[in-house]
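Following the hints, position chains B and C against chain A.
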Amino acid sequence: MTITEPVLLGGIRRLVTLTVDGTEVRVPEGATILDAMPDGDTPTLCWAPNLNPINACRVCVVEVEGSRVLVPSCARKAEDGMVVNTDSERVRHSRRMVLELLASSTDMSQASPDVQRWMDEYGVDAERYGPPAPPADDRDTRHAGHHHTPDGTTAETVAQPVKIDNDLYVRDYSRCIMCYKCVKACGTDAQFTFAISAAGRGFDARIATEMNNPLPDSACVYCGNCIGVCPTGALKSVSEHELREAGDWHPEEETVTTTICSFCGVGCNLELHVQQGQIVNVTSPSDHSVTHGHLCIKGRFGFQHVQNLPEERRG
Amino acid sequence: MDLRLSDAVASPAVQEAVAAVLAEHTRATGDVVREHAYFTDSGHAARDRRHLLLPALHAVMDAEGWISPGALNHLARVLSVPPADVYGVATFYAMLVVEPRAPHVVHVCDDIACGPNGGEEIAARLTTELGPEGKGDDACWVRSPCLGLCERAPAVLLQRAGRPDVSIAPATAEAATAELAAPVEERPAADRAFDDTSVSVPQTAGDRAGLRLLRRIGLVDPESVDDYRAHGGYTALRRAVELGPTRVIKEVTDSALTGRGGAAFPTGVKWDGVARAPERPHYLVCNADESEPGTFKDRVLMESDPFGLVEAMTIAGYATGCERGYLYIRGEYPLATRRLQHAIEAARARGYLGADVLGAGFTFDIELRRGAGAYICGEETALLNSLEGLRGEPRNKPPFPSVKGLFGKPTVINNVETLYNVLEVLAVGGPAFASIGGDRSTGTKLFCVAGAVSTPGVYEVDFGTTLRELLMLAGGVRGELRAVLLGGAAGGFVTPDQLDVPLTLEGTRGIGATLGSGVVLAIDTAADVPAMLRRIAAFFRDESCGQCVPCRVGTVRQEEALARLVRGAPLGSRATELALLDDLAKVMQDASICGLGHTAPAAVKSALALGLLDPPTSTNGRAR
Amino acid sequence: MFGAGGGTSAYVEAEHADLLVLWGSNARETHPIFFHHVLQGLKSGTRMYSVDPRRTSTAQWADAWLGLDVGTDIALANAIGRELIHAGLVNEPFVRRATTGFDEYRATVEPYTLERAEEITKVPAELIRELAHAYGRADRAQICWTLGITEHHNAADYVFALINLALLTGHVGRYGSGLVPLRGQNNVQGGGDMGAIPAKLPGGYDLGDAEARARYEAAWGATISPKPGMHLSQMFEAMETGRLRALYCIGENPAESEANATHARHMLEGLDTLVVQDIFRTATAELADVVFPAAADWCEYEGTVTNSERRVQRVRKAIDPPGLARPDTHIICNLADRLGANWGEPTAEQVWDELRSVSLNWHHGMSYERLDALGGLQWPCPDEDHPGTPLLHARLWAENEADRGVPAAFQPVEHVPPVDTLTDDFPIRLTTVRVLDGYNSGVQTGGYSSPLRRRESLRMDATDAAQLGIVNGERVRVVSRRGAVEAPVWFDPALRPGLASFTPHFTEEVDVNVLTNDAWDPKSGTSEFKATAIRIEKLPSAVPAAGE
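Residue numbers (numbering that gives the first Met the number 0), protein chains in the order written: chain A, 0 to 314; chain B, 0 to 623; chain C, 0 to 547.
In isolation and in its complexed conformation, chain A is listed as follows (with noise of 0.2 Å):
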């Protein structure tokens, strides 16, 4: 043993060389065919820099050559020799679908300006299929399976009432587009408490807690980091919900300052966004390699006693 340096073990580090429409591009082994975008403006729902690929929503996908079909960027390991086309007629026409369909059957009035955006370039006309449905209050207990048979009049939508059973989470599911990050990071990718899973099948596919039981009933542990990920605002924080209830939410105003959380010695970042003086959420960077955006519920939401309220909501 002859080691006197912090033994940090990298990878055994190889360069791949592919082609983006039509440019070489060297990326480390294992990286993505998304790691070697060179533009970094792919359309992206289910993926987050903090989770393992889900690959679920397929608006990331490009043309392979030697693929019979489009292949998910976010997920397919970029290799040696592969040509790799982002901007084919087949390619911008499943973006725009994708989008379109996610339009056409769910709110997604919330989601990210960069989402916006993709909409408008993709070209997205979302009310081609037919005037949206009205919201159901049957979604949380459908069947697999079972069959309800539509005449085509209106467009099936998610739309359904908002579910508040507690004081710090609000869940909209009618804004839900169903990409897993939630489950993944209630799971698997950070918190491993699984309190919420999809259920049921197909269309019907949802979020839930077991037997649909509200959150406090739940293993919910408030960490947020379910909130923290998703990217349409169907899960947001209470105080935020109620801020854009009551027409008082300005994300243009925002500050976002990062800082340690004081709530035990991990130190993890948090970055405090304020608005008007107020602390309005808590999130944490996904680079940094203490949390990977990852909170517990002290730091994501145990800053009410420095919270500078004004009189009128002081309790």
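Hints are supplied without guarantee of correctness; some may be wrong.
[Claimed, not checked] Have a look at the derived ranges for each label pair, beta carbon to beta carbon:
1. THR25/B <-> VAL470/C: 33 to 43 Å
2. ASP38/A <-> LYS522/C: 58 to 68 Å
3. ARG246/B <-> PRO492/C: 52 to 62 Å
Please keep in mind that the hints were generated in silico from the structure rather than gathered at the bench. Even for Gly, the Cβ is constructed at its ideal location relative to N, Cα and C.
Chains B and C in isolation, oriented as in the chain A frame:
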């Protein structure tokens, strides 16, 4: 793990049923549950039992007829699976329910073969007798996709808490309700209706000379290992052991045998890949989740010659270095399940399974696992997830199962018919096998002929036989032929002028069709094609796992657009609806994760292309 | 340990260890994000043992749980050490080259047979043996601990007992192997590193290190006594003897957080002058002569904190402090000005840079610019080209004796039972525990609405309760040798018979430190929060409260 459970407690019957599943697991694997107070039994060993979830859910359904909150807690605790995950898995399958329901359930097939052939009448009668779908205290009825009994249409399946499930086909509403009330028998009366194999395999009634895969059907006693041996059983395994694994794979490779599950991948290549994989253990999986509407050939093989599959799996395991094989059979096949379970136990008792098979020094055993009503689990990676106790959602590929399959290990997955072919390859040798047919279509092929033919059933013909010859073999078309649905719901239509197409992978591709799972459904001019298409569209909407957007939403939009077209009430014009369907088809084919999405628009597309929906025939849209 | 008061390993190493021993740590609830790293390890096959009197949510993830009696950890560790020696699992080259004092250690642990350890700890001998062999055979193994180890009257000995195991097996100084104390607050590590330990200068230098002292004296323009000051427990003793008459208390709430709180409050009340600087009007502030309202530095001012992997990270101002509240450094500097010094009002960065000018080994290379750019740096970081040190003590593996430096010393320690002994009068062991959504005395976590929160209850075993005729939710009286409190009972399946617990988070509901023992560890000054002897009495007219 740190589970949080409610206070609900499982009934003694449920606890007993689950204990039996664990005991069987301990017997099969030697994994003992540590009971000492200081062993938390929540570490890796406990978490590794998740694959027992589906068998345990079945046990609960069999015991009590539904998954109660107490049962859910009990499963979560004994298998170290979070309750939300148990719920997520349970709600994935059509045969499992998480709300109280009548303990006796009649599943009525209303799919493309049975629906127009008496299925709808049964549904109507049961509505009168038992009440609306899903309602009833002691008994209720529900609609079901294809039950795989098309040659005996119409079919029902009885799912009964506390008693074995049975299929009845041909069925009537009266027969179904009578069987519900019938006394418990060692051999359910409904099973005896399947004793005459010539109903399912008409060829066994005549000249059997051409039969290879079907050669033992009707001759062999499916419940006797000795009778199986008397009919040539276990000679192929002995031949395999004489040849050794490498030579077995060479024979299979030389035979040019391709997978009969639909993808037609060369079996020898698959076996070779797993056999050479350095990572251990290797697993063998037999995909017996035959669920393609119109398909019943695997069921017939398993019901009538179950030892053949056990032997073939043993050979595959021997050749590819697997010590454990999983036989995943669809949950709607109760008779085949009983026969296979018996065959596995009988083979084990005689040393054909277990340690030191045939005294040849290798170990191989089989676990039988039941599906629970999910077409998607026939997709091989969805099947793997289902086996592991996860939701039956397909995985991203690559990596392919031969590299990273069951429990992340190299895994061979073969379809039932493919495995029966292996017996034939070892009987005649690879080159002789390859001399029938050609290209990637060698040997014989089973077809499920149903619909408007005189004698529906499973037919075995050499690759290269024409569609016309096959229809003649089935006694010819009843009435005037409008089209043939080839390959099932995931396949497409061919028209009367295309009947001379040779039934090979290459020949069908030449006319833009597919062999798929071997479905040949003849449609006469009296048939309601729009209704059939709507049933197919509904099928894909219902059976989509919901994981990827193109399939989850695309199948819904396809069904809606089709409904508008059939009603003659398009949004915009008929042309815009056709364009919409085309847009949907493209994204489903191009961007779905798995074959279900890729093929979901196939039949609709093909019908539109062939004008099967053109007015005036589309005015008679019969929605259900 | 071995001349550096900090954990040896980066968190990420837990993901790549073969074996983790969580000893006296319910990290699942008290260090949830560290536990994320542990869980990633478990996902890829890492085995885990939990040593804890309670079957905690951490223990529920373990491959085996060693549920020992409170205060018997040293006996357990020594028995593991003895078993490692007898089973030939000692890393002999490492012990020979990198340690001293093995022979004495061997002699000390020799009487700790597995059978004797079972008798003392109540952990089956077979399980102790299993853990010893798993630890000895693992290629990479870590021991992680928290307050279960450090809140005892002989806390330092507990830590030595664990360090000895790492030395015996060489599970230190290599990637994935190490000793990881998980700190309870965001700057416990940093506070100690900055000299808030009586015998230390900032940067980890011993007060007795004349060269270091001279450098600090030059920088500060002041004389530094080589004699260590008092730690908190000694201060309370000095208050008792009248030697300490004035106290300036910054960000600490001893009136509630000290063991034997009634006594502590009495002492604080007897001071001539008590100055409290805090972000809250705490129970201690209520007793103060002067209160300085302070800003919450983690979000209302600037500075650095140091975490349990020795990572120095920046805190930053996101919001304005309320009312008259001001940053701690400003208050201190203004106070100095009033006392005649001229400290001005330096920025946080200026304060930090002064430290860097004297903490040559640990902090010298950590400019704010680098801390910002790199997401923090792990000490030692001696110069601005240094990448920081994720893994400590790799030197012990150096080929060359000179590079190996001072060998690590075995510190043989003996099992001594808790001071507060169990008797017929006080038959139940009370321990304090922390829960996921609570933090210390609750003044900060009380502010947000947690759906997980339950009323403070005496958590106890159902069979114990049955013997006393107590039902779930019943209000009882809990008596120790120092005081008594009333509380409802909650049956906790994590507790074994003979064990009960309170959290410290709800002092306004149950003043738990009225019960706890202020016996303290002479080496670290920590009190014996974890081992109080109590009895549980039914209240005269005990009626179970509805809905509890």
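Each hint, compared with the structure:
1. For the pair THR25/B and VAL470/C, the beta carbons lie near 38 Å from each other, so the given range of 33 to 43 Å is met.
2. Evaluation of the 58 to 68 Å hint for ASP38/A and LYS522/C yields a pass: the beta carbon distance comes to about 60 Å.
3. Distance hint check for ARG246/B and PRO492/C: the Cβ-Cβ separation is about 59 Å, which falls inside the suggested range of 52 to 62 Å.
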